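One line per chain: the protein sequences are A and E, in this order.
Be aware that the first sequence starts at 0, since it is given in numbering that gives the first Met the number 0, and climbs by one per residue.
Be aware that the second sequence starts at 0, since it is given in numbering that gives the first Met the number 0, and climbs by one per residue.
Accuracy of the hints is not assured; some may be wrong.
As the list claims (entries may be wrong) - For lysine to aspartate or glutamate, the following EDC-like pairs were computed, each having C-alpha atoms within a straight-line distance of at most 16 angstroms: (1) A:Lys-379 to E:Asp-83; (2) E:Lys-24 to E:Asp-199; (3) A:Lys-96 to E:Asp-83; (4) E:Lys-51 to E:Glu-66; (5) E:Lys-92 to A:Glu-288; (6) E:Lys-110 to A:Glu-288; (7) A:Lys-296 to A:Asp-393; (8) A:Lys-290 to E:Glu-107; (9) E:Lys-51 to A:Asp-529; (10) A:Lys-290 to E:Glu-106; (11) E:Lys-92 to A:Glu-283; (12) A:Lys-392 to A:Asp-529; (13) E:Lys-65 to A:Asp-529; (14) E:Lys-196 to E:Glu-216; (15) E:Lys-14 to E:Asp-53; (16) E:Lys-111 to A:Glu-288; (17) E:Lys-151 to E:Asp-70; (18) E:Lys-196 to E:Glu-172; (19) E:Lys-111 to E:Glu-176; (20) A:Lys-379 to E:Asp-80; (21) A:Lys-379 to E:Glu-86; (22) A:Lys-305 to E:Glu-86; (23) E:Lys-118 to E:Asp-163; (24) E:Lys-196 to E:Glu-176; (25) A:Lys-305 to E:Asp-83; (26) E:Lys-137 to E:Glu-157; (27) A:Lys-290 to E:Glu-109; (28) E:Lys-151 to E:Glu-176; (29) A:Lys-96 to E:Glu-86.
Claimed, not checked - Where chain E lies over chain A, by a calculated footprint (3+ residues, C-beta under 8 angstroms): (30) 282–295; (31) 383–397.
Simulated from the structure, these hints should not be mistaken for lab results.
Bear in mind that the values here come from a model prediction, so they are computed numbers and not experimental data.
The C-beta atom is built at its ideal place from N, Cα and C for all residues, glycine as well.
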Amino acid sequence: MLKTLIGIRIRSMFAGMYMGGKKKNRGKGMAVFVLAFLALAFVAFFFFVYVFADALVVYMHKSELDWLYFALFMLAAFLFMFVGSIFMTKTEIFDAKDNELLLSMPIKPIDIVISRMSVVYIFNVLFESVIMIPAIVAYDDRCGFSVSATLAFIVVFIMLPLLSLSVSSVFGWVIAIVAAKFKNRAITKVMASLVLLVAFYYVYFQLIGNMDVIVTDPGSIINEEFARKYVALYWVGASIAKFDILAFLLVCGISLAAFAVASVLIIRSFIRITTEKSGAKKKEYVRREAKVRGVRKALIGKEMSKYTSSVAYMLNDSLGIAFSLVLAVLAVINRDTLISVIEVLEVDIVNIGEIAALGTMLFLSSMTLISAPSISLEGKNLWIIKSIPVNTKDVLIAKLSLHMIIAAPVAAVSALLFGLAIGNDAVVIITFIIVNVLMTLLVDTIGLMLNLIFPRFDWINENIPIKQGASVNLTMLASMLISVGIAALFGLFSAFLGGIISALLIIILMLALNTAMILIIMKKGVAIFDNL
Amino acid sequence: MLKIVGLTKSYGDKKAVDNLSLEIKPGEICGFIGHNGAGKTTTIKSCIGILKFDSGEIYIDGISVKEHPLDCKRICAYIPDNPDLYEFMSGIKYLNFIADVYKVSAEEREKKIHELSDKLGLTGDLAQPINSYSHGMKQKLAVIAAWLHSPKLIIMDEPFVGLDPKASHILKEMMREFCEQGGAIFFSTHVLEVAEKLCDKVAIIKNGTLVVSGTMEEVRGQDSLEEVFLELEGDNA
Chain A
0 MLKTLIGIRI RSMFAGMYMG GKKKNRGKGM AVFVLAFLAL AFVAFFFFVY
50 VFADALVVYM HKSELDWLYF ALFMLAAFLF MFVGSIFMTK TEIFDAKDNE
100 LLLSMPIKPI DIVISRMSVV YIFNVLFESV IMIPAIVAYD DRCGFSVSAT
150 LAFIVVFIML PLLSLSVSSV FGWVIAIVAA KFKNRAITKV MASLVLLVAF
200 YYVYFQLIGN MDVIVTDPGS IINEEFARKY VALYWVGASI AKFDILAFLL
250 VCGISLAAFA VASVLIIRSF IRITTEKSGA KKKEYVRREA KVRGVRKALI
300 GKEMSKYTSS VAYMLNDSLG IAFSLVLAVL AVINRDTLIS VIEVLEVDIV
350 NIGEIAALGT MLFLSSMTLI SAPSISLEGK NLWIIKSIPV NTKDVLIAKL
400 SLHMIIAAPV AAVSALLFGL AIGNDAVVII TFIIVNVLMT LLVDTIGLML
450 NLIFPRFDWI NENIPIKQGA SVNLTMLASM LISVGIAALF GLFSAFLGGI
500 ISALLIIILM LALNTAMILI IMKKGVAIFD NL
Chain E
0 MLKIVGLTKS YGDKKAVDNL SLEIKPGEIC GFIGHNGAGK TTTIKSCIGI
50 LKFDSGEIYI DGISVKEHPL DCKRICAYIP DNPDLYEFMS GIKYLNFIAD
100 VYKVSAEERE KKIHELSDKL GLTGDLAQPI NSYSHGMKQK LAVIAAWLHS
150 PKLIIMDEPF VGLDPKASHI LKEMMREFCE QGGAIFFSTH VLEVAEKLCD
200 KVAIIKNGTL VVSGTMEEVR GQDSLEEVFL ELEGDNA
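For reference, chain A alone in the conformation it holds in the complex:
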């Protein structure tokens, strides 16, 4: 039974990538296209990590700090896995719509929980791969790998996602317990999630507190002293680099033990949490005069209600907003350091600071994906919008508007802050604001159009459209590539044409891209929606 359940979850997960609406299989062609695009993104990310790893491995190996090299990449992979799966765990395990159906069948709850955890595990392995595989390839290229180190790496590679899964499962479990008491208070759930995330980051950065010495003053590192100070990291690194049996057993033991504890916690409370009714008091209905709204406002209101009621939607698809603001504020706070770094990097013909700030800002905007699952999220409610007298254009505009209402003000503020952080040039600040708002609109329109092409209505778990849907992943990857491209073009233009003309050209380019996308949605998108 466990095998069957895992099979169903995995099929559902991958079907979300290329299945169309009405369970219509788009065929191998579309699957190949999606997989090719994902592979392309993986390759791009692979090279990015590889270049960094290759630069680091030479120095680390020379200083006999191989263990630290592996430990650093494992640490980065752990962070990547955790951030990638934290908001998924609760929805995947506790909020699946088929929980009650499965519990009514002669299936052991442990099988249901393990099948759900398996999906999160697979995602963790994917996240881990994009960091660890290039790091291992770089190491092998420069230093070579012994058989024992290879075996140790494979085992640690399998074990580490268990640890990340355990931590994120416990987080999901805590959120689920809180949520069960405040079932209809999505904001409470979001706050609980953010508080836990901040707590995680606090502990994480406390642990690696002084490790910036690796970059700032590598010569000062004394191997033994460093290994003693960061003993947990040493175990992880040494288990591969030195094939230290004790460290290896400790890493495996801790990962397995953490997984066992997390599993027991979840299995014990699974039935209670999934079947518990809201602890909130019944809200008394009070008659009051209704506010009459126009059709467009009513549709935007409906989209807003959906957004603010779903913790998974808010946390997963709006993470870019939080990151944009936090990084922009940090950039302003550390303005002096930033400017001194930019001065070091300064090239005569281009302003590296402006290009880097623009790229970072646009990259962060690509992580806000509110419109990308909005068609799929209609789910079984699609009949409502199809049976009421509303224009399809208005429905799509409402979905685009929600994204802009939430993301555009943040994009403008973050652009202003980034502009201030790298200097006080009014032209740069205004350009940043306009380009970032236009980028937000572009991500918005790309997301909506891709979701029209790849809708998914038969989901049993909101995570499928919100996190695993082809439209969400493709939008993020496409937007990230565009953001890098825009920053590169800005650099290229400014090298030959000067600041103001380059800014104008970038704005014109963004306007043209947005106009094209809006026209495509209003023509092709409307036709697709009408046929859903």
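Since chain A is already given, all that's left is putting chain E on it; use the hints.
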């Protein structure tokens, strides 16, 4: 009020509805009967404009569903077989959303919402989120939403499923009252006793083809509707 002419709809090679024609006049309640998978929901969804059909025409109050879907939707209301409503809204928020879309004035919606929710015993739960509603409560909310904008035609797919006996009785009364005021109702049901007692007209569909339609008297003659239905099912088995 509803005129279906030669409606045909296929899913791939399978004809779900084949050349179906039917007419319902103002003041009539028409029951739509057929076995599972006969084509009832496909016909209903085509009428409300959710499904695009291959050929034929559907007119609501003389307006073509194909040519002017929005105009048709404005004078129609639809209740699906499974009331999947916006679970992220409260009952009152959902009703106000529907009222906004159909441009129901503040006074009118206030009056209607409370009149209908009092009648169906849902007033006390209107502030609750829909995800806390039982199936029957969702069905009641869907009924209120359908009646809210005073449509001319109400199309319902299995409307009595999930309703308690009292709510069922009230809904039947509402349906009769609605038609006495000049409206028309087209609904599918498997409960033949309900169709027999409530409907002025009945249409029986089998494998996508309308096998019989007419007034209740014409269709059943001296027999019960159940006997007629089972006989027709047997004939073509």
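Each hint tested on the structure:
1. A:Lys-379 to E:Asp-83: holds (6 angstroms)
2. E:Lys-24 to E:Asp-199: holds (10 angstroms)
3. A:Lys-96 to E:Asp-83: holds (13 angstroms)
4. E:Lys-51 to E:Glu-66: Cα-Cα ~11 angstroms, so holds.
5. E:Lys-92 to A:Glu-288: It holds: about 12 angstroms lies between the C-alpha atoms, which stays within 16 angstroms.
6. E:Lys-110 to A:Glu-288: holds (10 angstroms)
7. A:Lys-296 to A:Asp-393: holds (10 angstroms)
8. A:Lys-290 to E:Glu-107: holds (12 angstroms)
9. E:Lys-51 to A:Asp-529: holds (9 angstroms)
10. A:Lys-290 to E:Glu-106: Cα-Cα ~11 angstroms, so holds.
11. E:Lys-92 to A:Glu-283: Holds - the C-alpha atoms of Glu-283 of chain A and Lys-92 of chain E are around 14 angstroms apart, at most 16 angstroms.
12. A:Lys-392 to A:Asp-529: Distance ~10 angstroms between Lys-392 of chain A and Asp-529 of chain A Cα, so the pair holds.
13. E:Lys-65 to A:Asp-529: Between Lys-65 of chain E and Asp-529 of chain A the Cα gap is close to 12 angstroms, so the pair holds against 16 angstroms.
14. E:Lys-196 to E:Glu-216: Within the cut-off at roughly 11 angstroms; holds.
15. E:Lys-14 to E:Asp-53: holds (10 angstroms)
16. E:Lys-111 to A:Glu-288: Between Lys-111 of chain E and Glu-288 of chain A the Cα gap is close to 13 angstroms, so the pair holds against 16 angstroms.
17. E:Lys-151 to E:Asp-70: Given pair Lys-151 of chain E, Asp-70 of chain E holds - Cα atoms ~12 angstroms apart, limit 16 angstroms.
18. E:Lys-196 to E:Glu-172: Judged against 16 angstroms, a Cα distance of about 12 angstroms means the pair holds.
19. E:Lys-111 to E:Glu-176: holds (15 angstroms)
20. A:Lys-379 to E:Asp-80: holds (12 angstroms)
21. A:Lys-379 to E:Glu-86: holds (11 angstroms)
22. A:Lys-305 to E:Glu-86: Roughly 9 angstroms between the alpha carbons, so the hint for Lys-305 of chain A and Glu-86 of chain E holds.
23. E:Lys-118 to E:Asp-163: Between Lys-118 of chain E and Asp-163 of chain E the Cα gap is close to 14 angstroms, so the pair holds against 16 angstroms.
24. E:Lys-196 to E:Glu-176: holds (15 angstroms)
25. A:Lys-305 to E:Asp-83: holds (14 angstroms)
26. E:Lys-137 to E:Glu-157: Since the Cα atoms of Lys-137 of chain E and Glu-157 of chain E sit roughly 14 angstroms apart, the hinted pair holds (cutoff 16 angstroms).
27. A:Lys-290 to E:Glu-109: holds (11 angstroms)
28. E:Lys-151 to E:Glu-176: holds (13 angstroms)
29. A:Lys-96 to E:Glu-86: The given pair, whose Cα atoms are some 13 angstroms apart, holds under the 16 angstroms limit.
30. 282–295: holds (count 12)
31. 383–397: holds (count 7)
Hint compliance for this structure: no hint is broken.
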